Every structure is written in C-alpha cells, then in structure tokens.
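Novice: Spelled out from the first residue to the last, the chains are:
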Amino acid sequence: MSKLDSKIPEGPIDQKWSKYRSTVHLVNPANKRSLEVLVVGSGLAGASAAATLAEMGYKVKVFCFQDSPRRAHSIAAQGGINAAKNYQNDGDSTYRLFYDTIKGGDYRAREANVHRLAEVSSSIIDQCVAQGVPLAREYGGLLSNRSFGGTQVQRTFYAAGQTGQQLLLGAYSALQRQVGSGNVTLCSRHEMLDVVTIDGVARGIIARNLVTGEMEKHFGHAVLLCTGGYGNVFYLSTNAMGSNVTAAWKAHKKGAFFGNPCYTQIHPTCIPVSGDHQSKLTLMSESLRNDGRIWVPKKKDDNRKPTDIPEEERDYYLERRYPAFGNLVPRDVASRAAKERCDAGYGVGNSKMAVYLDFAFNTARYGRTEATKRNIQNPSQEEIMRLGKEVVKEKYGNLFDMYEQITGENPYEVPMRIYPAVHYTMGGLWVDYNLMTTVKGLYALGEANFSDHGANRLGASALMQGLADGYYVIPYTLGVYLSEEVSRMSAEKDKPDSIDKLKTKHPAFDAALKEQTDLINKFLTIKGTKSVESFHKRLGLIMWNKCGMARNKQGLTEAISEIQALRREFWSDVRVLGSADEMNPDLEKAGRVADFLELGELMCKDALHREESCGGHFREEHQTEEGEAKRDDANFAYVAAWEYKSESNWELNKEELKYENIKIAQRSYK
Amino acid sequence: MGSGHGTELNLTLKVWRQKNAKAAGSFETHQLTGISTDMSFLEMFDVLNEKLIHEGKEAIAFDHDCREGICGACSMYINGRPHGPKNLVTTCQLHMRSFKNGDTIVVEPWRSAAFPVIKDLAVDRTAFDRIIASGGYVSVNTGNAQDANNILIPKEAADEAFSAAACIGCGACVAACKNASAMLFVSAKVSQLALLPQGQVERKERVKKMVAQMDEEGFGNCTNTGACEAECPKGISLENIARMNRELTAASLK
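Protein chains in written order, with this note's numbering: chain R, 1 to 670; chain X, 671 to 924.
To be clear, the hints were calculated from the coordinates, so they are not data collected in a lab. For clarity, every value in this text was computed on a predicted model and none was experimentally measured. Be aware that a few hints might be false.
[What the hints assert, rightly or not] Here chain R is said to cover these stretches of chain X; the calculated rule only asks that three of the stretch's residues, wherever they fall, bring their Cβ under 8 Å from a Cβ of chain R:
id, stretch
1, 696 to 710
2, 721 to 730
3, 734 to 744
4, 790 to 796
5, 823 to 833
6, 862 to 875
7, 908 to 921
[To be verified] Simulated pairs of lysine to aspartate or glutamate, EDC-like, Cα-Cα distance not exceeding 16 Å:
id, chain 1, residue 1, chain 2, residue 2
8, R, K300, R, D343
9, X, K825, R, E394
10, R, K553, R, E626
11, R, K530, X, D817
Glycine included, C-beta positions come from ideal geometry on N, C-alpha and C.
Build out the structure end to end from the sequences listed, making use of the hints.
Specialist: Now the structure itself:
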C-alpha cells in the first residue's frame, strides 16, 4: 500500500478544479481570525499566499532571511510569465498550455495539477495588472506578448527584462498593505531552522533572528514553505547567494518526502564562468532566443573573431537539428546541444566552453522594418543597424547592459558568449493536490514543491506557478485542512493542556529549540581549518561534474562516496568564527552548506536509481541514436518520493503518473 | 580609466568595521594582491573574507544576494559614492576593471539616521518597507480583478510607470543625499501608481500617507541637489520628485 495519496479529485480534467473548489469545506470568517498561518519565504509564492490569506482574514506571519521581503530571488526572474489568454489570437487555450507544460516536462508531471495551473494562469495576469504592475503594452494600450521556448504560440507577458521584479513588487505591495493593516506580522532577517511537529502534525517553526542571533519559537495552525529551489547545491548557479534548501531539508528530515530531487534545470543561456573567483552565474533571459541565433564555427578551434567568420562557416546547430522549433527548443534540449558542440571541440572564447548568441541577424531585420516605417529609402547597412539597435535596446536593454558590466564586451557589436548553468530545480517537497506535504499541516508552494514541471520546466512558467499557488490554489486548499482544525479546536477547547492553549509552551517546541541551538554551538566549537565556502565549492564541483548535465552510473556512484567523505571532513574540520548571539553570515552559511551536503547525496541517489533519461535528467546510458533523451515509460512513469530514515538512508515511495488526457509520446521538437 | 581583461591588481582596502548598532566603529586596513580585473567588487570581498577566516579573524558582514543588480541588497559606499565609481550599476555589478593597480579603496556603510548600522557594512533599511506599507499599493484583494485588457494604458504611460517602478529599493539615494532624504525612493512609487489608471482612486490619500510615513522615519528634506538621481543605479529620474510634489500639493488642496 502506497504511503502517498495525491488526493486528485474525481471527474473530467477540465472540471476537477472548478468542482473541487466549489465543494471543499470552508472556514467561516470568525474562525479565520483565530487561525494562525506561518509563511516561510517571501518570493512570488510566499508573498502572494501571505497577502491573500491575510485578506481572507487569517492571522499571518511571514519570515524571510533577507532584510526585506522585496529582495526574495523571484525578483531576478527576467523574461516573462505565461498565461493562456490567447490575446494574440494564435490558437492558444487552457488545453494547449496544459499540453505544452506536460510535454515540456517530458511526461513526468501530474496532469491534474498542471491543468489547474493552466486554468488559473489568466487570472494571475488580471490580478497583477489590477495591482498596477506595469507589464509591456502595445501602442493601442493592450498588453504585449513574446515567445518562449517549447511553445509555438505567443503567451508570455513581460516587463522588459524585469518581469520577476515587477510581479514580485506587485505581490510585495499587496503583502505590505496587509502588514500596514496589522493582518501580517513581518519577520525579516529571520531564518527558519526547523519545523516543529507534535504527533506528526506541523505546529510551528524554530527561527533564528539573524540580527540578534536569538532563537525563536513560532506557533502556527499551518506552515507554508515558500522557500524556493536548491540549485545552490551546485555552488555556481543563477540563484541568489542566499538561496538555500534548509527549510525544505529540515522539513524532509521531519517526515516530508522529497520528490524527484535529481530533476535539475540547466539553463542554456548564461554568461560563462570567467575564473576561480566566480561566486555565481548570471542568466541571459530565454526571451533573447526570440531574437538571437545560436551558433558555433563549423571548424574546430576556429580562433577568428566571430564577426570575421562568414555566414557559410557557421553552424546554427539548433536550427539544423530542430527545424520546427529552432532556437526556441526547450531548455534541456538547448543545453545538451551546447554541451555536445563544446565537448566535440567547437566551443568558443578563451575557455572554449561557450557558444555564440548572435543578434546581428535580427537587429538588421528590425532595422529594415524601422527604415520602411520611417520611409527611409535605400538605407545604408550602418543606418539599418543603428535603427535595429534602438529596437533591440528597448526590448532587452537591461540584459545587454548587464552582459557588458560582467564581461566587459559590448553585445550590440559582438555576439554574446553563453553556456548552460544551473538555474532551477523541478524537484522539491512532494505535495498532494492541496499542496500539503506528507507532514499534516505543512505545505510547500512554488519552486519548493515538485508538482508542476515534471522533469523540465518551460520558460516563463516558474512565475506562473509561484503566483498560481499563492493567489489561487492555497487560499482554497488550505481551508480543507483548517476546517478540520476548527473542529479539533472546538473539541479540545476545555482540555487544559491543548495545543491551542500551550502553543509554543508545548515541550516539542523546547526540544526543537534545543536541538537547533546545539547544532549552532556545534558549528562554532569544531574550530577546524577550512572555511564553509571552501566546502561549498568542493561540493559544487562534485555535483556539476557527476550529477550535472550528463550523468552515468559510475560517476553517480563515485559522487555519493565523495559527498559522504566531504561531509565527514566538514563536521571535523570546518572553521566558523564569531559568536551565535550576533549577526554572523558565516554561521548562517554553515547551516545551509551542512544541509546541501546531505541533499547532494540524495540527488545522486535519485539520479542513480532513475535508469532512464527524461527532461533535465540525462543518463548517458539511456539515449537515442541521435543523442536525445530516452525515457522508459514502462518502468519509470512515477514520481520518486524519498522518505528520510537516517543518515544516508532513504526509502523510495512511488506515485504512479497516469496520463488520461494526453497521449504519452516521444518528445519531438524536430 | 580601468584596467583591461585578465590583469591582476594589488589594492589597499579601508573597510568600516562596527560590531553592532551601539558600538563605535572604525576603519580597518587590508592589503589584497592578485585581484583579477574580471572579478566583481563583491567577489573581491569574498576573497578578502576568505583571507580573514584563514587568518582566524571574523569575516566582514555586508548585505548582498542576487549579485545581478536587481534585488537591491548590496549597499556599499565606495570612495565616497554609493555603489562606487561607475554610474548606473549596483555594487555587485561593479567590476574590478574599474580600478587601477595600487588603488586605495575606502568602503563604508550607507550613512543615515533612518538606516542604522547593524554590523560592519550592513544597515537596517526597514524604514522603506514601512513607507510602502503606509500606502505604496493599489487596494485590490485577490480575485477582484477584471480582465487585464479591459484596462487600456497608453504605451507612453506604461513605459513611464515602468521606469519609475524599476527602483530596487537599495537606498543609494538616501546615502548620496547630504540631507539623507528618501524623496527619490518614495516619489518613484507615488509616480508609478499616479501614472496608471489603476492608481487613481487612492491617488491623493496615497501620497499624503507615504510622505507622512517618510517624515516619521526621520529622513531629511529634499533641497534639489540631484545627488540621488546621479547615484541611482537604476536611473530613477528627478522628475518623479517634481511629480510627487505636485501630487502632494494637489492632494492638500481639497
């Protein structure tokens, strides 16, 4: 008997959600006021959930490790947000967004969740515009769209290259409105260190005040983890420096199963590594693939300047291999193709681990259109490029500036050099249809859960999912559980030692607090010789080399023992200075790296067990003759949900994936 | 002018160290060698911190997160300028190619009564959150929205609102101002919402509440020196301050 109950409602796929949300139990307004909800993380998922739940009347507390909720890493999302509005009249629909997402995820996502995501996508755009989010407009005043990978319609809404910033600031202002009206208590510069469970039910968290070092106990009737992904296990990624797995990992160790940890998205267009000093990698938005063409020289070790290489000596390998989608193939496909060319010796730049993303062709095309619009007869090539550059600047100006800041090269003049980098993690805490983990009362939203993107996420879908979970899913599904809580509270109201009376005075809170305080003291008393940073870098290298874009049995087996050895070394030789009762960034990082050192092992274990290739998970042993990912649907059409038993010991639980509405097929973008 | 690709710099760093809000702070001097010009300014600080830890000394605390110029966390006052010598970049996007071999670089936290130092280079900017909480929003609960394309917005208005909305809330404007005024920050949000149809209903109340909160937080007055605009990493325009003053006047005349 499976321990997993996905709680997918009965009925046809397009009626499941509407029927469910109209029939689930509700919590009456008076009872909402006595229910406390803890929201950990203040990105798109956390801020939207916290604001909406507070609007509904719940008492909400929000925690973020940053100095302000506005700095959560959703802020850095660039390109856009998908919605099945069909404003472009190009054949889009809820079904098509659903289909594209399932196919893009290489048939490893749960149908019911993805359909719900597609259904609520339109409302997200409505809500954001109502908040005053300045999405891009056409001259007639209507919203503008752009294309993203893995689709053949234009359904991506955007705000220049700062869509995440604008959407997050919208959610943040909604959140601050609730803070201002006293419905939300904001705990910034706080890091959640553990979830407190009583009889297997989540009842609160332990958090450290990062300014004073004080360890705090917080009670909640429900705990929502909106804590993002774990890409920083690779050390180098496009994630923010502070992004970490600690909240999710501690929850995992308290009983929340971890779903598909090995599904990692390596984004094809990032600025390449420039040296050992590198602290993070920077994405160049997928939207650039609308107007940029990706190529390498046809000759190996061609050291000519890119602008000196004539057209016929360039290999536009994505257009060559995938004529139907060309430069807009999904991310996993584009990344592997770049790796293949570089590994074969066709890479460019000093490191030879880069390919060109070239805007000259489309700059000229825009320039010619502008010349026609302005009635300029026989424009010179320079005139065309000047006019085209203005158009490109308006669309992607901030991205081009950022590229120039980082590399010192002007991408208007020479093609960008790009290479894949870790960007997003599709895996995460296993959740049911209500977004509840396997720990009762504990939820995971946004990137922190595993549910919607299968083995590969399509571009512009992360923002959609974060906001869908926060604005439109959890406000309904949380009531399913909290209405039960209301009954329990009423039944226990005369019990002197009820959970509701004791709250943080319950011994479980003290035990959890002590455990976390001891852990902090342990970091400070090891007094070893190596910095936290050095361990993180070494872990990252193991993960990138052996659990990165391509994986194989031997490498993964080696990685597991290397990570175990590194973890032992960490716990005997790490050096953490300063004290526990003050702001101490090094101590914060020690806790995060300690958790990454455990997660890394589970990722390798998951990748090792999944004897197939799918989406971002590419096992070299399982590929077609053309080098494409080869799935094994007979044996692996399931979610791997890992249950923590003890150190290095997990039990695998499987949730079978049933495709009742989409025919499971070999994914083709040719 | 800066240095080219792949060269290395030897530098003297004078960094503000302060144990906590109550302690007195002072400058500490460090020598760094072999700093690649391809490094970002914060990666140079990573190198320094690794060196300090290796020597058994506590690392320097500073705020940073996305390292791609958008989260607004980084906040160093470098050689007398917020975010350093280059215009239109945050500290994290400043690269060492903007410096020369042998340079002395002085690094301090933002200085403002409304931004108390927490430790070393990290300051408390929660005043900004409280200003937004006082009125920097459109009051629309989730689920109340009409179809997005029912609200037509002229492209010029949308673009101008977007330019104001590009503010990252880093506080460089306050740090740059001799009066520690927060007018650029506040006016950017007031402008964004005043320019859009969605912001009209609460337009007058919003500006009054936000300005009142700004004053309560202890930020100084604006004397039109323009230092904020000059140092803003996102190029937020002074025109926003002019617009906010007009909005406030209009809101006060009933």
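Novice: Against this structure, judge whether each hint is valid.
Specialist: Consistency of the hints with the structure:
1. Under the rule that three or more residues need a Cβ within less than 8 Å of chain R, the assignment of the stretch 696 to 710 of chain X holds, with 4 such residues.
2. Only residues whose C-beta sits within less than 8 Å of a C-beta in chain R count toward coverage, and the stretch 721 to 730 of chain X has 6 of them, enough to reach three; the restraint holds.
3. With 10 residues having a Cβ less than 8 Å from any Cβ of chain R, the stretch 734 to 744 of chain X passes the three-residue criterion, so the hint holds.
4. For the stretch 790 to 796 of chain X, the assignment as covered by chain R holds, since 4 residues bring a beta-carbon within under 8 Å of that chain's beta-carbons and 3 suffice.
5. Chain R is given as covering the stretch 823 to 833 of chain X, and this holds because 7 residues of the stretch bring a CB closer than 8 Å to a CB of that chain, at least three being needed.
6. Counting residues of the stretch 862 to 875 of chain X whose C-beta sits closer than 8 Å to any C-beta of chain R gives 5, which meets the bar of three, so the coverage hint holds.
7. Counting residues of the stretch 908 to 921 of chain X whose C-beta lies closer than 8 Å to any C-beta of chain R gives 0; at least three are required, and the coverage claim is violated.
8. Under the criterion of a C-alpha separation no larger than 16 Å, the hint pairing R:K300 with R:D343 is consistent with the structure, at around 11 Å.
9. Only pairs whose Cα atoms come within 16 Å are accepted, and X:K825 paired with R:E394 is accepted, the gap being roughly 13 Å.
10. A distance of roughly 21 Å separates the Cα atoms of R:K553 and R:E626; the hinted pair therefore is violated under the 16 Å criterion.
11. A threshold of 16 Å between alpha carbons decides the hint, and for R:K530 with X:D817 the separation of about 56 Å lies outside it, so the pair is violated.
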